[in-house]
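Student: Sequence:
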Amino acid sequence: MPIATVRHVRLVDRPLVVLAYHLAGDEGAPLAFVLGSERDASEVMIVCEPRNRDRRFTVLARVAATLATYCADYTTTTLEMSRRRTGEAVQVPIAA
37 MPIATVRHVR LVDRPLVVLA YHLAGDEGAP LAFVLGSERD ASEVMIVCEP RNRDRRFTVL
97 ARVAATLATY CADYTTTTLE MSRRRTGEAV QVPIAA
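The opening residue of the sequence shown carries number 37 in my numbering; numbering runs sequentially from there.
For the record, the hints were derived by calculation from the structure and aren't laboratory data.
Derived DEER-like restraints, expressed as beta-carbon distance ranges:
no.	residue 1	residue 2	range
1	D109	A65	28 to 36 Å
2	N88	R50	28 to 36 Å
3	V99	G61	18 to 26 Å
4	A60	D109	31 to 39 Å
Backbone N, C-alpha and C define an ideal beta-carbon position, used for all residues, glycine too.
Turn these sequences into a full structure, and let the hints steer you where they fit.
Tutor: So this is what it looks like as structure tokens:
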């Protein structure tokens with residue numbers, strides 16, 4: 037069995053993808069986030085001044101709200117983990 041067939045298993049039809057960009061050398065200072073579960077409908081959130089803590093946390097609160105909204109769809113779903121995967125679960129690929 038090729039490793040590519042078992043390395044990634046898509047659990048849901050629309051996974052939420054999160055891309056985070058930060059200042060070089062300072063992972064705690066985000067520049068922007070791109071979030072979306074649809075290829076053509078991603079949301080871009082930009083921190084105007086990444087060293088300003090108030091602006092940074094304002095954008096992080098928006099990211100958290102988007103994640104909470106996405107995860108809320110799956111709060112009543114159960115997932116049976118076995119060799120045969122059934123059901124749906126939250127799937128959020130994150131790249132930084």
